[in-house]
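S.K.: Since chain A is already given, all that's left is putting chain B on it; use the hints.
One line per chain: the protein sequences are A and B, in this order. Everything in the first sequence is counted per our numbering, starting at 159 for the first residue and increasing by one. Everything in the second sequence is counted per our numbering, starting at 159 for the first residue and increasing by one.
Please note that a few of the clues may not be correct.
Because identical chains share one entry, a pair is satisfied inside a single copy or across any pair of copies.
Pairs of lysine-lysine residues, derived as DSSO-like cross-links and limited to a Cα-Cα distance of at most 30 Å, are as follows [claimed, not checked]: (1) K272 with K346; (2) K423 with K382; (3) K382 with K272; (4) K346 with K388; (5) K278 with K346; (6) K278 with K177; (7) K280 with K346; (8) K163 with K382; (9) K215 with K388; (10) K251 with K215; (11) K295 with K272; (12) K174 with K163; (13) K245 with K382; (14) K162 with K432; (15) K162 with K423; (16) K423 with K163; (17) K280 with K388; (18) K278 with K200; (19) K215 with K382; (20) K295 with K423; (21) K432 with K295.
Derived from the structure by calculation, the hints contain no laboratory data.
There are 2 protein chains.
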Amino acid sequence: MVFKKFEELLALVDPKANKKTVALVRAEDDHALGAVAEVVEKGLIDAILIGNREAIKETAAHLGVNVRDEQILDAQTPEEAATEGVKLIREGKADFLMKGKLETAQMLRPVVNKETGLGKGKVMSHVALTEIPSYHKLVITTDGGMLPYPTLEQKKQIIENAVEVLHRLGYENPKVCVLAASETPNPKMPESMDGVALKEMNQKGELTGCIVEGPISFDLAMVKERSVTKGYESPCAGDADILLVPNVHAGNMLGKSLTEMAHAKMAGLIMGAKCPIVLTSRGSSEEEKFNSLILACIVSNK
Amino acid sequence: MVFKKFEELLALVDPKANKKTVALVRAEDDHALGAVAEVVEKGLIDAILIGNREAIKETAAHLGVNVRDEQILDAQTPEEAATEGVKLIREGKADFLMKGKLETAQMLRPVVNKETGLGKGKVMSHVALTEIPSYHKLVITTDGGMLPYPTLEQKKQIIENAVEVLHRLGYENPKVCVLAASETPNPKMPESMDGVALKEMNQKGELTGCIVEGPISFDLAMVKERSVTKGYESPCAGDADILLVPNVHAGNMLGKSLTEMAHAKMAGLIMGAKCPIVLTSRGSSEEEKFNSLILACIVSNK
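Looking at chain A on its own, in the form it has when it is part of the complex (with noise of 0.2 Å):
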């Protein structure tokens, strides 16, 4: 089974049978409230603002949303915020967060808090799952930036996070692609090794709920035809599910040309934690932080 679009994925949300609900981080920001307001006035999801009450009810004025006062959690600094989301998560009031009107690292402090944090004790990385109009179906690319130069043993638990997110789908053996510039191994790129040590990983058992490839180039992974061309024989080959990037440069470039140029739709979380995490930008169009929304409840857990 896979998905070929986004709109797919709204038939695996059942607000009926098991409504999430997200806590938005310094929830006084345009752009994020208007995101959320948009997936709770669909009775989709319930939403915990959390932030300045006065500012929070300004910005919904501001953008003509609907907030209950009893919706707010009343926090005055971004540090207060993230800590009360964090909260939230550990007794069981929210299933997700999303980050509001503060920094990336002010929010992600108190969720890698050793002792009072959501950390599982694995690395925290960034899924981006995207839809490409010119592939068949959608595709992950990650880590999208949380780690800028994942070790190998890193890299395994990046993909461990994607695999994660595809299994919440209902995907039971997704195709991981260890992208390189090429699938010939090449002991003087570590790039290229790497791909070779997870595939080993992958046909010993030690990563397991997924098909490993690697190392492996973009179009081989990507594209059928050329691997039928190259004579490149791969269950992987031309049907990737997860595209594992070498780092962060590769991967921004990546995954920027995909939806600036082959006009691709993104949706983006952040996973390792107890629960993911919507980290969407100023920059996002409505489409991904809805999207990235619809994802962040389906992947958590209640």
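M.R.: Showing chain B alone in chain A's frame:
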């Protein structure tokens, strides 16, 4: 002045005043010979076909193209063929080289020979001129993998090679973007600091004939709207002519995502030697080979 499409480049080819000659090394290759024959039949260039005479004739017969005996320069081995090609350039009998049925390393060995080769004491790099439907003009991505992990000095020369291509096309001051994950200089990321250094070299007059911006992310380099949203100002923002990638992996992913997912067309050349070298692969489209030959034709001296 800028070019929007490859077809506009044809106007720069003037076979009546200045007909160029390609030396096809190991011409007994149906893909390469087919591409050369097409350009020859259009009257745009002349060709010298180096390789095994009988094999070349057989290949030509198989393709249904005319080859005259006097066009063929007999050479039995790949090494001999490449050496003959280099000699033709040094003697002024051919204007540029194209790789046929031999390995890239075999092709380049006599080219880089210090005494008898075509070196200019600078790095050789791969320049990929790209036509992306969603971008408003042709744009170069470089280096396509000649230097897997270029140093700062090598990056400077990679830029110079790409700038030379655009100067030959008539550009005065092409806009060069040194790509990285973010536009904010980050001392922990060499890709980022190389961007700072290359921009400084440009400002100090050590890297001329272009405007360099860096570090800069792909979206800021390619989409004006993104730079406006971010309040980011640069003459290069949203208007890049040349994209410098940090290494072979990022470059390959970016290039392949453009051609495979954003329907981009490509023309590729190796620059840095005394003549351009066309080096297309079996997997390249007919159009790519044609465009690469036309580009080499324009870029080569006479």
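S.K.: Look at each hint and say if it fits the structure.
M.R.: Cross-check of the supplied hints:
no., hint, in the structure
1, K272 with K346, "between (37 Å within a copy, 25 Å between copies)"
2, K423 with K382, "both (22 Å within a copy, 19 Å between copies)"
3, K382 with K272, "neither (45 Å within a copy, 42 Å between copies)"
4, K346 with K388, "within (23 Å within a copy, 38 Å between copies)"
5, K278 with K346, "between (34 Å within a copy, 27 Å between copies)"
6, K278 with K177, "within (24 Å within a copy, 68 Å between copies)"
7, K280 with K346, "both (29 Å within a copy, 23 Å between copies)"
8, K163 with K382, "both (20 Å within a copy, 28 Å between copies)"
9, K215 with K388, "between (60 Å within a copy, 26 Å between copies)"
10, K251 with K215, "within (22 Å within a copy, 78 Å between copies)"
11, K295 with K272, "neither (38 Å within a copy, 51 Å between copies)"
12, K174 with K163, "within (23 Å within a copy, 53 Å between copies)"
13, K245 with K382, "neither (47 Å within a copy, 41 Å between copies)"
14, K162 with K432, "within (28 Å within a copy, 49 Å between copies)"
15, K162 with K423, "both (12 Å within a copy, 26 Å between copies)"
16, K423 with K163, "both (9 Å within a copy, 26 Å between copies)"
17, K280 with K388, "neither (38 Å within a copy, 33 Å between copies)"
18, K278 with K200, "neither (32 Å within a copy, 66 Å between copies)"
19, K215 with K382, "neither (52 Å within a copy, 34 Å between copies)"
20, K295 with K423, "both (12 Å within a copy, 23 Å between copies)"
21, K432 with K295, "within (28 Å within a copy, 46 Å between copies)"
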